[in-house]
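**Q** Mind docking these for me? Both chains are given alone in their own frames, and the hints should help you get the complex.
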Amino acid sequence: MSEHPFAITLDAGSSRDNRTGSWRVERPIYVDRMPPCNDACPAGENIQRWLYHAEAGAYEAAWRGLVEDNPLPAICGRVCFHPCEAACNRGKVDEAVGIRAVERFLGDAAIAHGWRLPERAPATGRRVLVVGSGPSGLSAAYHLARAGHEVVVREAAPRPGGMLRYGIPKYRLPREVIDAEISAIEDLGVEIRCDAGVADIASAMAEGAFDAAYLVLGAQLSHRVQVPAADSARLLDALAFLAGTEAAEPVAIGRRVVVYGGGDTAMDAARSAKRLGATDAVIVYRRNRRKMPAHADLVEEALAEGVTVRWMSTISRVEKDKVLVEKMELDSAGFPQPTGEFTNLDADCVILALGQDADLAPLAALEGVEVRDGLVVVDAQMMTGHSGVFAGGDMVPAERTVTVAVGHGKRAARNIDRWLRGETGGPPPRHELASIETLNTWYYADAGRTVQPELEAQRRQTGFEEVVGGLDEPNALFEARRCLSCGNCFECDNCYGVCPDNAVSKLGPGERYVFDYDYCKGCGICVAECPCGAIVMVPELI
Amino acid sequence: MTEQTSSYCQVGSFAVGNRLVDPHLRTVQSDRLRPNALTSGHRACQGCGEALGARFVLDAAMAATDRQLIVVNATGCLEVFSTPYPETAWQVAWMHSLFGNTAAVATGVAAALKVRGDTATRVIAQAGDGGTVDIGFGCLSGMFERNDDVLFVCYDNQAYMNTGVQRSASTPAAARTATTEARGREPGNAFGQGKNLPALAVAHEIPYVATASVAYLHDLEAKVGRAMELHGARYLHVLVPCPLGWGAASRDTIRLARLACETGLFPLFEAAHGEILSATPIRHREPVEAYLRPQRRFAHLFADPPRTDDIARIQAIADRNIGRFDLLGERAGKGSR
Ligand SMILES: Cc1cc2nc3c(=O)[nH]c(=O)nc-3n(C[C@H](O)[C@H](O)[C@H](O)COP(=O)(O)OP(=O)(O)OC[C@H]3O[C@@H](n4cnc5c(N)ncnc54)[C@H](O)[C@@H]3O)c2cc1C
Ligand SMILES: Cc1ncc(C[n+]2csc(CCOP(=O)(O)OP(=O)(O)O)c2C)c(N)n1
Ligand code: SF4
Ligand code: SF4
Ligand code: SF4
Ligand code: SF4
Ligand SMILES: [Mg+2]
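Quick note, the sequences are listed as chains D and S, same order. With our numbering, letter number 289 in the first sequence gets 305, and the count goes up by one each step, no holes. With our numbering, letter number 65 in the second sequence gets 414, and the count goes up by one each step, no holes.
Hints may be right or wrong, so weigh each one.
As the list claims (entries may be wrong) - Sample of chain D residues facing chain S (criterion: CB under 10 Å; computed from the structure):
no. : residue
1   : Ser31
2   : Asp48
3   : Thr295
4   : Asp462
5   : Val514
6   : Ala519
7   : Ile541
8   : Val543
Source of the hints: derived by calculation from the structure; they are not laboratory data. We put the CB at the ideal spot given by N, CA and C, even for glycine.
Bound-form chain S, shown alone (with noise of 0.2 Å):
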């Protein structure tokens, strides 16, 4: 991890918190006095990473701009269960936008915020996948193309959980959705198809893009304040699992999120301009199938008779991103465990 101090802490900078380092290593989480930017009440189902991943880097941010924060959301299940009218979870200046749109008004409130002549207030735009990957991509690679002073957060769950679990280009290969039924001899999503939005988000060369884990919080509140750190487009793109569309137990979303990037299906960086500055090692490498084995979308790979085919060339996609991105630190010749 590249967060972790020298000096040996029992959990390092694993663990949220940690009574035996300074309080500034700590994480915002950990801070009894944290912004809860989503508080309790909202109506996610139990377990959800997105609710989760929005806290995380929403009071991050808040955290690197002394809460001088105005947040724009995309339709999808982070803005239906947080604000059922009259009702908010948001302890933030908060606006919901359309499902396509929240690039676009992103942009115009940082246009307005410089309008007034306000350069302390920053603003975030966060959608689902549907709504940065899919519907919401032609303002988003608008507003990188123009470099508005925006970080555009991006919550992962690999699907339209909202409307009952439809394939997004965000859907990984073989998994099964409402719309990608898990049937014939190609069963669940194609292989393939979709899009790499962080790689796109690269190939715009703005000043700054990093993937993020709900499993690695440290890294992920790292990288929110590096981007809070910089003016202009920023991307984040933070895996946030589903319980519900991905059929799995609520206790394991943070335990998936962790074995997605252990296993290199979903690698760690950061990169500024055009250019891949670090990738996060991994610490204990783990098999696709320990991943994908208890989700639900992926049960029929592991019917009788297993899709081995289907499972190697998952594992090939890992490995992949693993020499791709050096992620056991080979090139980097750390070595990793």
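Chain D with its partners taken away, still in its complex shape (with noise of 0.2 Å):
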């Protein structure tokens, strides 16, 4: 006879008998997804995981995730012009999240606290020549040095940094900054070799009995564009008014100057002439504001600090202490044409900023090298012509940015390492892009943007002291603390604590979570509900 009370024949059993999974016709899957930051860093920063440590505080550890793929990140995030934040999903919420900002924080932050660089793998015996020290030559010489290659850097100017020292000023670039930055690299024991200009690429690689070279010399040569002028008219070029700005004499300039051109760089000659001591600094372009290639905070900042610019006119002519200036109108397909209306401008001097060419002298007895514009073509794995050399930021076709000659630094010093070995293949395949579509916004608290705090008007009219200053803690933490994390999980419980089946696991910090397909009824609410798009419903294979 059972031992069961009255009317009672068997004994209680568990709901969990019953394996629910089998209803289901779709499984979840948890998925890291590509966010769009990344995906438009020209440096392939992961940003949205550098930014997870960030939010949590831990601001070495995202140091050092930032530092796995660009070794500049105080100078990044100064000068760097973030397509990152414009891809930012936040954008599309709010506003964009501010990573430059946040980057900043944390290269500030290593250099404050002295972070030493990730330790080189052991020595593989292979030589590698970097020619050129400008951001890129950085670049490749600490990935290459981490790769446990010997790396020698030459460099003609006196110090190193290329256009970092002798482009772009000091008021959105601190000297301090550039020589923290490139001492933490030579530290990992890179040779950066100053006054030591190449004048033969071919007889030094073999010289110096180099297995493969990096070259990036730049962009050096000022463009030259005839502009009649009457001898005693004082012209000067850009880059070396700029690089002069470093000397302990700068170059004088007098009160009224004409800036000729409408780049960066045009932008800060007029910024520097004006902190020289001119009372007008007119930038002279002959298009719109619109089709200006100049970065438009540049722009802006250049019109706060009452720099002038004349839309839509050229210079025709330069006398001794005026211009005769043309105005120019678009035609229909968008080009400026003369009008033969004539006004003058008064100048003491005329800067003339009108792009820079490379100077590819160095490489003519390298044989199978392709020069194309003026610029030297490279394969995808930034291999030239000329098999074990490999060249890249301003010298080759691409955009010209600090972070672009960054990751080409990268990707080059990856290529030579795999050529070095023998390898073959490119790198691992690119995960699906986290687009604002698979987010589950609700869940963001909102919050507006950090704004970073700028330096007076007055201040910035007279001297050379930084610009735009970094955030401090608090708000450095609470600008990381925007990113929505796009396409990768966050921890916030969501799926675990939403499941109707329980069929979600979690396993504690850090260890992300796990499906139990044996009660998952495949109802995809963890998916719908996932904030950030890290969980794909797929179809169950019957």
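**A** Structure, rendered in structure tokens:
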């Protein structure tokens, strides 16, 4: 006889005997998608990942994540044109995350705390020559050294940094920042030889017994345009002028300065002229503001400092103390055409900022290198037509920015490493993009972007002090926490909490979650309620 | 949200958990060791809001009472899908009553505990909207009137789901059910009928009345917590979408529970002793259409020609709630976006 009470014949069993997973026709799986910021970063930073550490106040871990890809965060955190922010999904919710400002905060923190770059891999015994110590050369040298190769950087100028030092002015990039990040790379054992220009790459490689080379000569030659000028006219070249501001005795420019050109260099030349005592700094540019190649931030900062611009104008002739300016108009194809209307503009000196060309003479003896439109042609691995010789930065066809140069350096270093090891095959396939449609943005708390402090107007007219200030720690933390963590789990516990069938197990901090397919019915709620789009449904194979 | 913490933490307190906030500010549901009062293997449909709501409420109540809890359950989906003899999905002391007498049975359990001098063990009665608003209302009103020491929880899926989606007095206007077909001049459930049970509970002037939604977990858990701090008759009315009865995708359960609140159709509020104390403001207001469209029970409103008149009447209901409960925080002067 059973021991059960009256009318009871069976013991109570648990519903867990009933494997409801068999109902399922689709199953949820965890994925990592490519956040749009990472996708857009020219240096290939894993921004979402380093922000994830910064959100928790783990700044050193965040910086370590950052320098996996880019050894120059304090520099890029100041001068990068932040395409990541233009792509940031939060920009479609309220305002983009201030990624660059947090990057700068981390770079500055590393300098302040003396955090050291990661150790090198065991020596490979292979030698790589890097020609040029601009951002691209520095980036490549760092990644090559980490891979265990012996790196020698040869630089023609007296100090390393390329356009970081001799182009971009101090008020945007203080020299202590450049020095600190370069010396951190040197501390890894990278040798940078200054005043050591390479006249012939082929013989330099042979003499130093180098196994490979990365050429990053930049674009150092100011583009020459024939502007008719009187003998007494004072014409300066923008690059020489900007490099001269680094010297103890800057070039004399007078009080009324005209800058000819519409790029970033023109902006910096005009702003530097103001700081050196010019009362008027007028930019003459042949097209309109929308077509101006200079980056919008820089144009705005220049205008805020009292620089003025003559849009739709060209210089026809330069005299001793004036220039003759011709008004232009756009034709139906959008090209500026002369109108025959002239005006005079007072000018003690004219600074020409009409673009830069690469000096490729040192490559002349290298067989197989293809040059097109004055630029060196490279393949997807950044290799020139000469096996073992790679090139990047401003001297190859690409956008000319610091971060693109840094990205080229990384890519070249990784491919040089593969080439030296005789490996083939490209990088792993990229994850699918975490577009805004894959997110459930309801969950994110409303929060506007933090504003970086700016130097007061008066001090921006008189000296080379840094204009844009950094974020303090509470603001950097706040800004990091505005990140939506697009496409990558940030452990919000939603999937664990919203499953009506308890079919999600939480593994604990940093360990993420797993589905229990014995019970998951495949309803898809976890997918719909994941804020960051890190879960997808896939058909069940029956 | 009333439970928002002051320092900004990415998802604030809207998500279930948040690695960036203090553990005590996270939900019971985010806890790896949560009680799971209703465990896996139950036979609720995919994406059942009622199964989810019951776990949310009972886990919070177990956390608040140190797991000293007895639950009395009316007939309905929640009972049928959880306990096909001899299996049970309940990991809490649980008993089934009948369809209509749950409040009375719970009153009896509370009385028995009192007789035994057990002051630690607390009692919850739970039922669907049919078992609460319709057949169970006589017993419930008596329980309120006597101020018996029971928290009564109604899981409102707005129809008699277990028997095939018949209309209840909680079915919204215009909704199609098996007994309010989408035909004739006034398709679906009639306008101007039905009972507003939270309002009726407030009218009984009992110690605590609140509404909650499975889309607002922090709010729901806080309300259960407050209810368990009090004694006497308490009432919690939880909106739990039913994918089957509403004709909605199973993945949309929480989305619909959220839209019901963000449109103003289901106001979230708290009341005590006959007075409304507070309402949860809408964060991102939505038009009722956003809520109605994904549900097949309202499909006839969007047929050719669309029932723009009915949609406007439903919008008017939402607008009235927004005004009544100040859901946009206008009177409170807080503003919302
Ligand atoms: C005024 C100005 C402002 C700019 N502002 C910005 C900005 O705000 N943000 C931004 O992203 N980008 C900016 N840029 C662009 C950016 O500076 C360049 O795209 C970037 O520096 C290119 O890096 P690189 O390493 O290719 O070359 P470079 O920085 O030009 O470095 C090349 C180096 O190679 C050396 N070299 C050349 N030939 C030889 C040789 N034969 N032997 C040895 N060494 C040699 C040069 O001396 C130089 O140091 C600016 C550029 C200018 C001119
Ligand atoms: C007295 C009585 N009448 C009818 C039924 C049949 N019945 C069982 S569940 C149910 C409907 C339950 O509806 P509701 O309370 O809203 O719960 P739901 O199933 O929707 O969760 C009905 C009519 C019954 N069990 N007892
Ligand atoms: S929200 Fe965060 S992860 Fe998403 S794009 Fe912006 S910075 Fe990247
Ligand atoms: S919520 Fe639960 S049952 Fe639904 S798909 Fe996700 S894991 Fe499966
Ligand atoms: S819902 Fe939250 S915890 Fe789950 S995968 Fe998405 S981010 Fe991670
Ligand atoms: S019919 Fe509705 S309430 Fe009943 S189990 Fe299915 S989803 Fe849940
Ligand atoms: Mg019901």
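**Q** State for each hint whether it applies.
**A** The hints, checked one at a time:
Hint status for serine 31 of chain D: holds, given a least beta-carbon distance of 3 Å to chain S, under 10 Å. This hint is violated: aspartate 48 of chain D has a C-beta 17 Å from the nearest C-beta of chain S, more than the 10 Å allowed. At its closest, the beta carbon of threonine 295 of chain D sits 46 Å from a beta carbon of chain S; the interface hint therefore is violated under the 10 Å criterion. Given the 10 Å rule on beta carbons, the hint for aspartate 462 of chain D holds: about 7 Å separates it from the nearest Cβ of chain S.
Checking valine 514 of chain D against chain S by beta carbon gives a least distance of about 6 Å; that is within 10 Å, so the hint holds. The beta carbon of alanine 519 of chain D comes within 6 Å of a beta carbon in chain S, closer than 10 Å, and the hint placing it at the interface holds. Look at isoleucine 541 of chain D: its Cβ gets to within about 5 Å of chain S, closer than 10 Å, so that hint holds up. Annotation: interface hint on valine 543 of chain D holds; nearest CB of chain S at approximately 6 Å, less than 10 Å.
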